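Visitor: Each chain is listed here by its residues.
Number of protein chains: 2
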Amino acid sequence: MKNIKMIIEYDGSRYLGWQRLGDSDRTIQGKLENVISEMTESKIEIIGSGRTDAGTHARGQVANFKTTSSMKLQEMQAYINHYLPQDIVVKELDQVHERFHSRYNAIGKKYIYYIWNSSIPSVFDRKYIFYYPESLDISKMNLGCSRLVGSHDFIGFSSLKKSKKSTIRIIDDISIQREQDILKFIFIGDGFLYNMIRIIVGTLLEIGKGSMEPEYIDEIFKSKTRSNAGFTVPAQGLFLEEVYY
Amino acid sequence: MKNIKMIIEYDGSRYLGWQRLGDSDRTIQGKLENVISEMTESKIEIIGSGRTDAGTHARGQVANFKTTSSMKLQEMQAYINHYLPQDIVVKELDQVHERFHSRYNAIGKKYIYYIWNSSIPSVFDRKYIFYYPESLDISKMNLGCSRLVGSHDFIGFSSLKKSKKSTIRIIDDISIQREQDILKFIFIGDGFLYNMIRIIVGTLLEIGKGSMEPEYIDEIFKSKTRSNAGFTVPAQGLFLEEVYY
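Just so you know, the sequences run in chain order A and B. Here the working numbering runs 62 ahead of the position in the first sequence, where the first position is 1. Here the working numbering runs 62 ahead of the position in the second sequence, where the first position is 1.
Note that these hints are calculated values from the structure, not bench results. Take the hints with a grain of salt, since some may be wrong.
It does not matter which identical chain is used: a pair holds within one copy or between any two.
Claimed, not checked - Computed cross-link-like contacts, DSS-like style, restricted to lysine-lysine with a CA-CA straight-line distance of at most 30 Å:
1) Lys284 x Lys67
2) Lys134 x Lys271
3) Lys227 x Lys172
4) Lys271 x Lys153
5) Lys128 x Lys67
These numbers come from a predicted model, not from an experiment.
For reference, chain A alone in the conformation it holds in the complex (with noise of 0.2 Å):
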């Protein structure tokens, strides 16, 4: 039994998001299932390093399968890209150690945020990033930052109703770079709760804008509500950069 791992690039615009949903073909999990089931003859279920949301975007999703298949790695990767459709494509396809889970070892994410940020618009970029023409104080949105950045119970910034599971997560770094018109905002973590990351980006935006102060992520972590926080960067902005073992 082999076991194969990928990474994945894909772009997210209409997908309901990573995790394959009943039968329905507009999941990106679904889409690699139903060509690699058809390449190896048999139902094929990939791992995946975790969901990502509908319209998210990835650039460095990784997931495995296994597979008792003798067809060679680049004959299956060549396949697999030849029979996905073209916002999906499998850049790298690598045999693993047979104890190999995508999920179970991930130990860190990268996840970008991209923000255009002008009075004019941008025509080639707008599918790919959030259009937000305000001015924004940058050394402000650092303080924030550096209120949110360690271990928290990140639940104020999350979508969940409840969890039963812990909410707890630790960032370990959030840079905000600009280049010319462009805003990056860079989540280095070991995992985000659902939302956690576009509620975070809102909130900056909130701080950045004047309309909030840093000092209050303090009282969104104390309150652990939801409606404290700032509101929900659209999904279109969201990069799944990198999964780190």
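Given the structure of chain A, go ahead and fit chain B onto it with the hints provided.
Guide: Below, chain B alone, put in the same frame as chain A:
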């Protein structure tokens, strides 16, 4: 009477090209004229620096129009961008000398053609790049470029059947730049015939993969025969980058 010059960015994917055809709403010129006519409450005709083909994009198309409107320039730009579809944006708008003419006064143009040259296709650039995975000999292609640069009758590199007007054009420079998996073909010249850039790129690709010798460029010039040149690469990779005045 004010003469207004605009620099326009557009995603040509869903359009029939720059030039208004009858009442068609599926041209860039048509979209702009409709919005600007509504804004000024008068029938406005805009003059572009030149046509772009169906599916071709622009980062720096230039056009001008005349109006007696008393609106401020900034308000005009905001109005136009508000009512234009998301795939067309007026990046700059200025009042210029009354005799400025976008087409007659243009002294040169820069176009870039983008190729994704890798065995693995690209997800995010797929609509703005031509996927061509063959391995290419760039030094041979550069030899081809040096035979193209200069003043020539480019009729053999055009889709024009016959032309009453001169088909002699000057190419000042063609440079081929690689940035990882992306190949950029940068053209600077006084003007380009119908499909000329796309046929030159197709010809250079045939030279790059070894199915044509660089010297054969001279034969195409001599024979003035389109069928001797290479294939026409698709419009989706072509950008009008800048118009020089």
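Visitor: Are the hints correct? Go through all of them and say.
Guide: Hints versus structure:
Taking CA atoms no more than 30 Å apart as the test, Lys284 paired with Lys67 passes in neither setting, with 40 Å inside one copy and 55 Å between copies. Proximity of Lys134 to Lys271 under the C-alpha cut-off of 30 Å is restricted to the inter-copy arrangement: shortest distance 27 Å between copies versus 54 Å within a copy. Proximity of Lys227 and Lys172 under a CA criterion of 30 Å is satisfied intra-copy only: 22 Å inside one chain copy versus 57 Å between copies. Taking identical chains as interchangeable, the C-alpha atoms of Lys271 and Lys153 lie at most 30 Å apart only when they sit on different chains, with a minimum of 24 Å there against 38 Å within one chain.
Taking the closest pair of Cα atoms, Lys128 and Lys67 come within 30 Å of each other only inside a single copy of the chain (9 Å); across copies the shortest separation is 61 Å, beyond that limit.
The structure does not agree with numbered hint 1 stated previously, though it agrees with all others.
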